[in-house]
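A.B. asks: Could you put the whole structure together from the sequences, leaning on the hints where they help?
Chains as they are written, first to last, in the UniProt record's numbering: chain A, 1 to 262; chain B, 1 to 268.
Everything labelled a hint here was simulated from the structure, so no lab data went into it.
Given the structure is predicted, the values throughout are model-derived calculations rather than measurements.
Possibly wrong hints are sitting among the right ones.
For each label pair, taking beta carbons as the anchor points, the in silico distance ranges come out as [claimed, not checked]:
#1 B/Leu141 with A/Gly220: 27 to 33 Å
#2 A/Gly128 with B/Tyr260: 44 to 50 Å
#3 B/Val143 with A/Thr113: 18 to 24 Å
#4 A/Arg135 with B/Val93: 37 to 43 Å
Output of the computed footprint for chain B on chain A, the stretches with three or more beta carbons under 8 Å from beta carbons of chain B [said to hold, decoys possible]:
#5 9 to 18
#6 171 to 180
Partial chain A-side listing against chain B, Cβ under 7 Å, derived [stated by the list, open to error]:
#7 Leu60
#8 Thr62
#9 Leu63
#10 Pro65
#11 Gln105
#12 Trp109
#13 Pro110
Cβ atoms here follow ideal geometry from the backbone N, Cα and C, with glycine treated the same way.
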Amino acid sequence: MRTIPSSPTEGTLVELSGVDHSYGGTPAVYGVDLTVTPEELTAVVGPSGSGKTTLLRLLLGTLRPTRGVVRRRPGLAVGYVPQLETINWDFPVTVRECVLMARRQSRPWPWPTRAERLEVAEVLERLGIASVAGRRVRELSGGQQQRMFLARALLRRPALLLLDEPTSGLDLATRHDILHLLGELNRRGTAILLTTHDLNGIATHLPRVICLARTVVAHGPPESVIRPDILERTFGARLEVLEHLGLRVVVDREAGRRVGVS
Amino acid sequence: MIDPFRFEFFVNGVLVATLAGALCGLTGVFITLRGMSYLGHGLSHSVFGGFAAASLVQVDYYLAAGVWGVASALVINRVARSRGIGSDAAIGVVTTASFALGVALLTVFGSRGPSFDAALFGSIVGVRTLDVVVVAGVLVLAVVAVLTRYRALLFTTFDPEVAAASGIAVGRVDVLLMCVLSLAILATLTIIGVTLVAAALVVPAVVARMLARTFALLLPVAALVGAGTGFVGMNLSYHVDVPSGTTIVLVGAVVFAVVYAGTARYHH
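C.D. replies: Printed below as a string of structure tokens:
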């Protein structure tokens with residue numbers, strides 16, 4: 001089956017129907033049926049190699065399905081924040097220059113227009129990194145790097161924002177800041193879909209969770225998805241789920257047993 | 001001592017070395033940041049095959065070597081991307097085969113153009129006005145390409161995946177850069193020589209990276225460093241009677257060492 005460039009169902013941004021993607025014969029994801037609607041805030045969880053990044057790339061359009069159909073709303077602007085580990089941080093570029101990459105050059109010479117300069121200054125201010133605009137990217141902290149890529153993605157005024165492991169490697173306070181920012185963007189009308197390994201820190205706090213193990217095992221609100229049977233099918237490990245102050249808490253008691261502390 | 005600037009070939013040589021230095025500096029910024037320094041080295045060897053073929057089929061050196069160089073660059077690009085062979089292996093196969101073919105052709109049929117040694121190590125002798133025009137033309141072309149496609153070149157070099165997702169035709173930008181690189185090598189070859197072109201591409205870019213804080217500054221600084229080392233190296237070549245490629249690269253190496261030591265102290 002090939003990708004049919006038709007619009008998705010009314011009221012959705014992207015729709016995946018029966019999508020497979022293989023890298024040289026090995027399926028990274030298969031049989032994925034998924035819709036992304038405006039204003040949603042979703043975590044994709046799954047173990048390493050479960051196809052999370054592949055799913056993001058399919059939604060983004062940089063990968064084509066080897067089977068099935070991806071339908072995108074015509075003219076949909078998608079912002080993408082890559083994993084920080086994939087970036088060459090020694091690259092000699094400043095924060096301002098990096099953010100400006102998202103704006104397509106409209107004139108034969110590369111210098112930014114006044115409007116572009118203002119726009120970049122505004123988005124950096126909004127994300128709280130205006131003071132480091134002239135710094136080289138390698139001089140930033142992990143949280144600032146994440147905000148810089150967020151700023152670059154926002155410059156495209158996306159209706160859908162995709163983030164690959166946005167809180168990986170960040171300390172607790174920075175993680176809270178980033179989540180707060182994402183929540184605010186979402187309230188202003190940007191649909192957000194992020195991948196994460198962090199079940200308790202992130203996934204259980206978001207309105208929708210997708211459990212991925214090369215295919216969608218389950219999706220829905222945390223209270224219906226964060227369950228021992230679904231988690232076992234997703235992660236291939238027995239995890240317990242406790243209720244605490246109305247929140248679901250995932251406990252890996254097996255890990256404790258393995259190291260002999262519980 | 002006789003003033004070398006009285007000789008037309010020397011004036012031409014200095015002009016070509018200076019312009020070629022700027023050209024290699026500018027192109028080298030993208031090549032080094034993409035981890036493609038080895039490609040520059042390989043392509044210069046590949047162009048040597050075209051240089052030999054030019055003598056055989058009796059067409060101008062620039063035409064044959066130019067077509068050969070661009071074709072090799074595109075073949076490398078295609079082989080590396082399509083079959084999962086990896087760019088370093090693709091470069092190794094395509095360019096060494098091309099170089100070997102060049103050596104075989106020259107051994108059997110001889111050269112009508114620059115001598116074998118001149119092609120390998122660069123020569124100050126016999127630089128024609130045509131060479132000046134060619135290198136100036138390629139430099140103008142490279143500057144125009146970099147200015148008009150600046151953001152696309154920067155984005156695809158820094159973060160190709162997000163660049164593609166933002167609607168930039170990454171493949172087309174790669175081909176553009178490959179063409180500019182091939183032409184830069186071609187225009188530089190007679191002065192610097194096959195074996196040393198890679199240094200002319202890498203050294204100014206690396207020196208500029210130690211000096212410039214922003215990417216926008218990096219490009220003119222690399223071009224200036226390249227032009228400066230080309231100018232000084234070419235003059236030195238005349239006075240010490242050593243092949244021009246060798247002196248240009250040695251001057252570059254000294255500049256690198258000085259800037260490296262200076263900036264290391266500054267960073268401490």
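A.B. asks: Which of the numbered hints above does this structure break?
C.D. replies: 1, 2, 5, 6, 9, 10
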